[in-house]
Amino acid sequence: MALKLTEWTMQEQEQLIEFMTGNSWPYHGLEHPVRELIEKTITEGGYKSDRVRTFWLENEEGKQIGLIKIYDLQDDIPLFDLRIAGPYRGKGYGPQALRLMTEFVFSLPDKKVRLEGNTRHDNFAMRKAFERAGFVKEAHIRNGWFSPKENKYYDAVTYGITREDWEAGTTTPVHWEDGGKQENPSFNPVLFDFPEQFESERLLIRAPKREDAAQTYEAMQHSQEALRNWMPFARQKPVMEQVEANLVQAVADFQLRKDLRLHFFLKETGEFIGSSGLHRFDWTVRKFEIGYWVDSRFEGKGYVSEAVDRITRFAFEELGANRVEIRCDTENVRSRAVAERLGFDLEGVLRKDSLSVSGGSLRDTCIYAKVKG
1 MALKLTEWTM QEQEQLIEFM TGNSWPYHGL EHPVRELIEK TITEGGYKSD RVRTFWLENE
61 EGKQIGLIKI YDLQDDIPLF DLRIAGPYRG KGYGPQALRL MTEFVFSLPD KKVRLEGNTR
121 HDNFAMRKAF ERAGFVKEAH IRNGWFSPKE NKYYDAVTYG ITREDWEAGT TTPVHWEDGG
181 KQENPSFNPV LFDFPEQFES ERLLIRAPKR EDAAQTYEAM QHSQEALRNW MPFARQKPVM
241 EQVEANLVQA VADFQLRKDL RLHFFLKETG EFIGSSGLHR FDWTVRKFEI GYWVDSRFEG
301 KGYVSEAVDR ITRFAFEELG ANRVEIRCDT ENVRSRAVAE RLGFDLEGVL RKDSLSVSGG
361 SLRDTCIYAK VKG
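For the sequence shown, position 183 (counting from the first letter as 1) is numbered 183 according to the UniProt record's numbering, and the numbering increases by one without interruption.
Certain hints may be false.
Subject to a maximum C-alpha distance of 25 angstroms in a straight line, what follows is the list of computed DSS-like cross-link-like pairs (lysine-lysine) [as the list claims (entries may be wrong)]:
#, residue 1, residue 2
1, Lys48, Lys63
2, Lys4, Lys267
3, Lys63, Lys4
4, Lys301, Lys267
5, Lys128, Lys91
6, Lys370, Lys301
7, Lys267, Lys209
8, Lys149, Lys40
9, Lys237, Lys267
10, Lys48, Lys111
11, Lys152, Lys287
12, Lys91, Lys4
13, Lys128, Lys63
14, Lys128, Lys4
15, Lys128, Lys69
16, Lys372, Lys287
17, Lys91, Lys267
18, Lys209, Lys91
19, Lys69, Lys40
20, Lys91, Lys137
21, Lys149, Lys209
22, Lys91, Lys258
23, Lys352, Lys91
Hints are computed from structural coordinates only; laboratory data are not their basis.
Produce the entire structure from the sequences given, and follow the hints as far as they go.
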């Protein structure tokens, strides 16, 4: 997911106009800018001048997935505007784009002092990107952001990074000297922003969608016998309406951060391979449990191991996990093999810990885990 900056040129006016008018920008001043306005801004030097430089954000495939405009470049403290195209949002590009831009600004010969950016207070994706890129929240301005579309004011927040922090690779929090005691706000998982889609070598892994119902239903039909002994849903023949209703609930649970189901698909064909995700977690401890099942037509090709390995990395890198577990029946040889193949440690066996899926006998449970560090 490597990005690079490529400077925009006046010969690319039409590309810039299409980019700006072909996407919606709900957290900017104008959600749907029109061609005439962009043309006027270009003519007046609003994208390229002594004070302004604009860059395309290009991904590893060379696609222009975003745009960064850096302005007030004659000042010691430049400002910027970052825009990522709709199809590429939520994929973790924001922090990387901010780091590239920061490196560019602080590498300029006139030694900029700091870099500053502003956003609406409810733009949680942008705020998380700032934090991951080493920026510090420095101001909260009440009713400081006007939305013409809604004809109302929102609060605004300011984030900044200093040259000293950038050079040292550190983040220095603001210490308010107002005599008041600062309280750390409690963590609210609903506001926690992270990528809802990522990739491994062969797989696209993403949050569930209602539109997945048909593929999920078909996979469950083909896999019922293989999963019957281990998955409660496989005890009965799948019903399309129930599968769709379950997906609606899964989508809601994902957005509320109650359960993070993840579907994985073959990148080359878009075929649904299976379902995994992070369940029964504790945000306070940052402990997560991985579950998984695969369409039996794709067994034996390493897809489950690949998906679980990537989801484990996602848990540690994006969710700040301290512990990731895999729990399975002692006789579920395939599931145990995945855990052992990926280097999870068998920490113990809970004897007579659960009922079998059929409910007819007591079963033992293996606990495999990886921990941070």
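Going through the hints against the structure:
Distance hint between Lys48 and Lys63 is fulfilled; the C-alpha atoms sit about 21 angstroms from each other, no more than 25 angstroms. Proposed proximity of Lys4 and Lys267 is supported: the alpha carbons are some 23 angstroms apart, at most 25 angstroms. As the CA atoms of Lys63 and Lys4 are separated by approximately 10 angstroms, the hinted pair is consistent with the 25 angstroms bound. For a cut-off of 25 angstroms, the pair hint linking Lys301 to Lys267 stands: about 14 angstroms separates their Cα positions.
Distance restraint check for Lys128 and Lys91: the Cα-Cα separation of roughly 13 angstroms lies within the 25 angstroms cut-off, and the hinted pair is therefore satisfied. Under the criterion of a C-alpha separation no larger than 25 angstroms, the hint pairing Lys370 with Lys301 is consistent with the structure, at around 24 angstroms. About 17 angstroms separates the Cα atoms of Lys267 and Lys209, which keeps this hinted pair within 25 angstroms; it holds. Restraint check for Lys149 and Lys40: satisfied, since their Cα atoms lie roughly 21 angstroms apart, inside the 25 angstroms limit.
Between Lys237 and Lys267 the CA atoms are separated by roughly 28 angstroms; this puts the pair beyond 25 angstroms, and the hint is violated. Distance hint between Lys48 and Lys111 is fulfilled; the C-alpha atoms sit about 21 angstroms from each other, no more than 25 angstroms. Proposed proximity of Lys152 and Lys287 is contradicted: the alpha carbons are some 40 angstroms apart, above 25 angstroms. A C-alpha spacing of about 16 angstroms is found between Lys91 and Lys4, which places the hinted pair at or below 25 angstroms, so the restraint holds.
Pair hint Lys128 plus Lys63 holds up; C-alpha atoms about 24 angstroms apart against a cutoff of 25 angstroms. With a C-alpha separation of about 21 angstroms, the suggested pair Lys128 and Lys4 falls inside the 25 angstroms cut-off, and the hint holds. Under the criterion of a C-alpha separation no larger than 25 angstroms, the hint pairing Lys128 with Lys69 is consistent with the structure, at around 20 angstroms. Between Lys372 and Lys287 the CA atoms are separated by roughly 10 angstroms; this keeps the pair inside 25 angstroms, and the hint holds.
Distance hint between Lys91 and Lys267 is fulfilled; the C-alpha atoms sit about 16 angstroms from each other, no more than 25 angstroms. The suggested pairing of Lys209 with Lys91 holds, with an alpha-carbon distance near 16 angstroms, which does not exceed 25 angstroms. Among the hinted pairs, Lys69 with Lys40 is consistent with the structure: their alpha-carbon atoms are about 16 angstroms apart, no more than 25 angstroms. For the proposed pair Lys91 and Lys137, the alpha carbon gap of about 23 angstroms is at most 25 angstroms, so the pair holds.
A threshold of 25 angstroms between alpha carbons decides the hint, and for Lys149 with Lys209 the separation of about 29 angstroms lies outside it, so the pair is violated. A C-alpha spacing of about 20 angstroms is found between Lys91 and Lys258, which places the hinted pair at or below 25 angstroms, so the restraint holds. In summary, the hint linking Lys352 to Lys91 is not supported, as the alpha carbons are separated by about 42 angstroms, beyond the 25 angstroms threshold.
Hint compliance for this structure: hints 9, 11, 21, 23 are broken, all remaining hints hold.
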